[in-house]
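With chain G fixed as given, assemble chain U onto it according to the hints.
2 protein chains.
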Amino acid sequence: MTPSSPAPRPDALHGAGAAAAGAAAGTTGDPHLDRYAARTTGMTASEIRALFAVASRPEVVSLAGGMPNLAALPLDSLAVEVGDLVATEGQGALQYGSAQGVPVLREQIGEVMAFEAGSLAATGGFAPDDVVVTVGSQSALDMLTRLFVDPGDVVLAESPSYVGALGSFAAYQAEVRHVAMDDDGLVPAALEEALERLAREGRRAKFLYTVPNFHNPVGVSLAPGRRAQVVELCRRYGVLIVEDNPYGLLGFDGQTYESLRSLDPENVVYLGSFSKIFASGLRVGWALAPHGIRDKLVLAAESATLCPPAFTQLVVSRYLATHDWRSLVKSFREMYRERCEAMLGALETHLPEGCSWTRPRGGFFVWATVPEGVDTRAMLPRAISARVAYASGTGFHADGSGARHMRLSFCYPPPERIVEGVRRLAGVLDGELEVLRTFGLSGSGATGARPSSGTPGPQAPSVDTA
Amino acid sequence: MTPSSPAPRPDALHGAGAAAAGAAAGTTGDPHLDRYAARTTGMTASEIRALFAVASRPEVVSLAGGMPNLAALPLDSLAVEVGDLVATEGQGALQYGSAQGVPVLREQIGEVMAFEAGSLAATGGFAPDDVVVTVGSQSALDMLTRLFVDPGDVVLAESPSYVGALGSFAAYQAEVRHVAMDDDGLVPAALEEALERLAREGRRAKFLYTVPNFHNPVGVSLAPGRRAQVVELCRRYGVLIVEDNPYGLLGFDGQTYESLRSLDPENVVYLGSFSKIFASGLRVGWALAPHGIRDKLVLAAESATLCPPAFTQLVVSRYLATHDWRSLVKSFREMYRERCEAMLGALETHLPEGCSWTRPRGGFFVWATVPEGVDTRAMLPRAISARVAYASGTGFHADGSGARHMRLSFCYPPPERIVEGVRRLAGVLDGELEVLRTFGLSGSGATGARPSSGTPGPQAPSVDTA
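Taken in order, these protein sequences are the chains called G and U.
full-length UniProt numbering puts the first residue of the first sequence at 1, with every later residue one more than the last.
full-length UniProt numbering puts the first residue of the second sequence at 1, with every later residue one more than the last.
For reference, chain G alone in the conformation it holds in the complex (with noise of 0.2 angstroms):
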């Protein structure tokens, strides 16, 4: 799944935003503040959730959320149809479900993945009953991470990755070691070295976590030839593999990678995700996993929310039957394209010299590198002062370095609201650089002289960054 968020902070969206802001605050007197569980240490807000309430006022070009844009939904259709589900199918539809999903959607998920593969042979194997229907994926991941983690365990992933899958990882008390990428994904020889290091140390990873498809937030795919390699080198050292693919549909020119689960389906959880092909506000993502876990999953649901909705499955379901969802996938690629492009264009025309960023070919991101001594975090208020907002690479690494990056979303605005944003970055990083020249390195950025922006570390995952 990898859900993201709000380039407008749904909280302040919705007019809310109190109780995010007394997160950030800590828990300064909190009388219950002896009685929590050890796993909430350290478990506080981000202080860029502030930020963010003052990143969501509409003058602000938001380049940081990794909210779906759903224009191109057909929605007076879709009333007719899910009109049609309430008053015909209501007291299903209404009603506890499985814990597992939906059966007709496990079917019709088949679908979906069989047009991502080429063929349902294609997709590693598929039989509805091993689909588990989650509340979104990051409920899948939660479970996953549930299942498998004791405080201390370690868990692999990318560098960086997925904000919301840290905060999960986190929760658990996970260590996370990360493992390198470049442009071509995740690199197997940085694999085999952290699983040879494990070895060494007689510890073994319980998992590798990776989003080899459209990576969030880097943007690039893992090279068709780097796919045989991972999976064999985690078959080999004995670590499971959670492959996280909810932007795989999202190729611009179409074009699809061979799934890590096809290549060795017991040793591969493969998670799904309906937030970016259709509507992320019904939370309905899936995992495709081999029996034991699945059967565990099914019982971490039960105790997790009982059963996911069903009416929201059967909204889907309702969907995907009723209509052409190919084409709108279709479109939604051609929708992104276009956005990337305003945004690469834009990067290349006004950012100052010194700054790199991928070049995707599909998905939601652009992960762009600054110059040695500008601090992406500390950077930040200064950015929405100038109203652009953007997600610190701190928040994707879980020792909280990064600090050098920046994730930047073509996703949410308009081609030339993106283009205003880059250009107002741009004019940000410009002073920036103006600084450090004048003042010199301090330290190990130009920020030294200003207030701290807090401390870096693991933090909890926020809707505005994921």
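In case anyone wonders, no lab produced these hints; they're calculated from the structure.
Hints should not be assumed to be uniformly reliable.
As the list claims (entries may be wrong) - Just some of the chain U residues that point at chain G, by a computed CB distance under 10 angstroms:
#1 Met43
#2 Thr88
#3 Gly92
#4 Thr134
#5 Asp142
#6 Phe148
#7 Asp150
#8 Gly164
#9 Gly281
#10 Leu282
#11 Arg283
#12 Asp295
#13 Lys296
#14 Pro308
#15 Ser327
#16 Leu328
Glycine included, each C-beta is placed from N, C-alpha and C at the ideal position.
Then chain U, alone, in the frame of chain G:
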């Protein structure tokens, strides 16, 4: 919340069930067996699960589940409203939302609570910003346990207690200590004894979990005169209260009770649910918590699901705004009263001597006690053969005790089916007692000569017995 479950098992209802059967079979042959976290130890599905696949056949009268009866829902007008929601507010309703919940619904939850409490002031103080909307109250329960319980921590709960709560407590490795109930609910002296014993052991319970109104599974309510005592005891011993109130509006005569929260808002987390007064399949519940806990709940929600579905929340909001929901609640009361009376009458008429049962004034459940020597868990397969299902009392105790009890639900089947179900149940009990009279007690029960019904003990919750 205390969600509840299918009279016919939903999995089987929809035509699935193999995964559940697999789960029931255990994890034999799972190649990932050495990878799971310690908290999954003993995480196996109840064997009851397999039985319920059989129990879901239409010829079986299920008195086992806790599915609300939705027949009274105004589906046609609801269909119009939900269609309009998609057509006019689809862009927001289908998009990621706030992790705390949609603000308009958090406002409306105040109206629902005021309806029960008599006024907004009598709720114990209400601000929309104190509310966290959750994916059913099960999710709130699970997240609260996650926030408070380290492995081995003590949780106090009524004896018996809601199976879904016990499932979450087991998932986080809590030690559950049950506190005695009588016809007036939780016994304050027993609570004090439990608190005192913990104090002597140098321990403290993390919280008391209680369903004070129309209890699941017992059906009784905490007497008004005991409420201040319970609150005062918990305050004195420094133990938080989790007050789960899914049935509070379903008093047959419209009687409601003062919430524990209203007596000590800073030491009570209140859980509410739309599952029993509107639609369980939307999975919309809420927690009303002191600020520090509320903030952590929001962070936990981000890890668990990123955000609850905006769409289901807005469906609830629309319903509340456009329908006379108070009148519908009143019609639900009438329906459940009629069904309860049918059940109580049938129990009186048919059940053999030596049986006793509670006489609820609201909610969904009767708690029955059978003569010594009868084991309701061992008897269940025979009951299902006789085409009637119930929930054995063993599911409602963390230690698997309670075999002389059973929960009989009157919420879902129509009155004539309830009567028929009780008649069949009485026949099965007659048969058990006949065996007992013939062969005498064997060990602790009449079933010693029969194959064991499996190891007792805490098991995963399931929509079947929730």
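Each hint tested on the structure:
no., hint, in the structure
1, Met43, "holds, 6 angstroms"
2, Thr88, "holds, 8 angstroms"
3, Gly92, "holds, 8 angstroms"
4, Thr134, "holds, 9 angstroms"
5, Asp142, "holds, 5 angstroms"
6, Phe148, "holds, 6 angstroms"
7, Asp150, "holds, 5 angstroms"
8, Gly164, "holds, 6 angstroms"
9, Gly281, "holds, 4 angstroms"
10, Leu282, "holds, 5 angstroms"
11, Arg283, "holds, 4 angstroms"
12, Asp295, "holds, 4 angstroms"
13, Lys296, "holds, 6 angstroms"
14, Pro308, "holds, 7 angstroms"
15, Ser327, "violated, 18 angstroms"
16, Leu328, "violated, 13 angstroms"
This entry does not satisfy hints 15 and 16, going by the numbered hints stated previously.
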